[in-house]
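Protein chains in written order, with our numbering: chain F, 47 to 278; chain R, 47 to 278.
Simulated from the structure, these hints should not be mistaken for lab results.
Incorrect hints may appear among the rest.
In this list, chains with the same sequence are indistinguishable; a pair is considered to hold if it fits within one copy or across any two.
As the list claims (entries may be wrong) - Pairs of lysine to aspartate or glutamate residues, derived as DMTMM-like cross-links and limited to a Cα-Cα distance of at most 25 angstroms, are as follows:
| hint | residue 1 | residue 2 |
| --- | --- | --- |
| 1 | 180 | 150 |
| 2 | 159 | 251 |
| 3 | 180 | 218 |
| 4 | 159 | 146 |
| 5 | 180 | 217 |
| 6 | 159 | 137 |
| 7 | 159 | 263 |
| 8 | 180 | 251 |
| 9 | 159 | 268 |
Protein chains: 2
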Amino acid sequence: MIRALAFDVFGTVVDWRSSVIGELVDFGARRGVNADWAQMADDWRAGYVPAMDRVRRGELPWTRLDDLHRARLVELLTAAGIDAPDAEIDDLNRAWHRLDPWPDSVAGLTRLKRRFTITTLSNGNVSLLTNMAKRAGLPWDCVLSAEIFRHYKPDREAYLGCAQILDIAPDELMLVAAHPGDLRAARDAGLQTAFVFRPAEHGPDRTLRRPDPAEFDVSADDFLDLADQLDA
Amino acid sequence: MIRALAFDVFGTVVDWRSSVIGELVDFGARRGVNADWAQMADDWRAGYVPAMDRVRRGELPWTRLDDLHRARLVELLTAAGIDAPDAEIDDLNRAWHRLDPWPDSVAGLTRLKRRFTITTLSNGNVSLLTNMAKRAGLPWDCVLSAEIFRHYKPDREAYLGCAQILDIAPDELMLVAAHPGDLRAARDAGLQTAFVFRPAEHGPDRTLRRPDPAEFDVSADDFLDLADQLDA
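Modelling step: build the complete structure from the supplied sequences, incorporating the hints.
Right, here's the structure in full:
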């Protein structure tokens, strides 16, 4: 029996790439500078895993994703020769708080919420996720984050901490994610798993393939299909 | 400037006493036993502060409110000579997940949410608060709890932890509570404070008096009045 659904957020619920490119384009227009903003968005995102891994390995103390994002942003702006006041960099860094949902996300979550407890389980910090949900109308029952467990996914503690704080068994919790690696780690921790295909996550030039549907408990085209498959 | 409102929950948002008495009456009817259920509700609630204080003083390791509630419930049932299976005691203990809101709570929170981030800041554990919100339709932006900070209110760490995880300054956060002691501790930690008068919290036989309104930043009759005063 599934009692709660925990959602990966970046890429699964929201289209980070289009949103961040849009924010970078606006920033460039305000500053009167130009760059390959799509490439910068990809490079910004690509900095995320190595930075988290330094925290996961204990080379850095616990550091919020906002702060990891900001350090990477400063590196990228410096490399591009772009100067900006701190307040403007802070604002640009909060682009990750203003990501737009995929077209089916709000409607699908609203349906799934009728039947299940729905929570975030993201590496984004709580304030990022809260601000994002408020702006985008994501109807979470609660906002859980790696920040609360002081362990970034795919650390086992993040998945087990989520089940524990919801006071349910790991196999009563289903992780919903567009990323096989996240789902495999959740499965190894004893959770149920739902893959959702988000072929546009990395933009038009990267073709994503579906993983073998037999690998996960559910494999869905989007959140409405997930709601159908879970009778929500 | 206020950016977020953090709400005490038991007594401030929900009418714990009427709800718990109702659950005890139903339990008694199911078990075919009788007792002074109103007195038992009051005794159950009265066990909460001393039990939390044992955690706050470090005499007990971190213990969720659900578990503190359950230990007290078993004491009370034993003292009353009432026997029940574990599963039934578990269910009765979850009465605290099923508390009804005051009549103005949902409408007031809905208005306040338009202008501010609204969160719980309760000694109730996350699963209790999440289940309560889902049942009662409380539209929180996020669910924060003493459990996340591993400090029960009125420990300073709970108030400061709430501001920190929301990524705002303590004086950008306002605690909303019906209890002067909670508000005073929040004020001492640098938060803004809103007193809400809930004269029926302890039932018809206990007359509550309003504290001096000058002591807090806002003093309101209910959440609609609070929304009026905060222009929400």
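Checked hints:
no.: 1; hint: 180 - 150; result: both (17 angstroms within a copy, 22 angstroms between copies)
no.: 2; hint: 159 - 251; result: neither (34 angstroms within a copy, 40 angstroms between copies)
no.: 3; hint: 180 - 218; result: between (27 angstroms within a copy, 18 angstroms between copies)
no.: 4; hint: 159 - 146; result: both (20 angstroms within a copy, 20 angstroms between copies)
no.: 5; hint: 180 - 217; result: between (30 angstroms within a copy, 21 angstroms between copies)
no.: 6; hint: 159 - 137; result: between (32 angstroms within a copy, 23 angstroms between copies)
no.: 7; hint: 159 - 263; result: within (19 angstroms within a copy, 37 angstroms between copies)
no.: 8; hint: 180 - 251; result: neither (31 angstroms within a copy, 41 angstroms between copies)
no.: 9; hint: 159 - 268; result: within (15 angstroms within a copy, 29 angstroms between copies)
Hint check: violations occur at hints 2 and 8; the rest are consistent with the structure.
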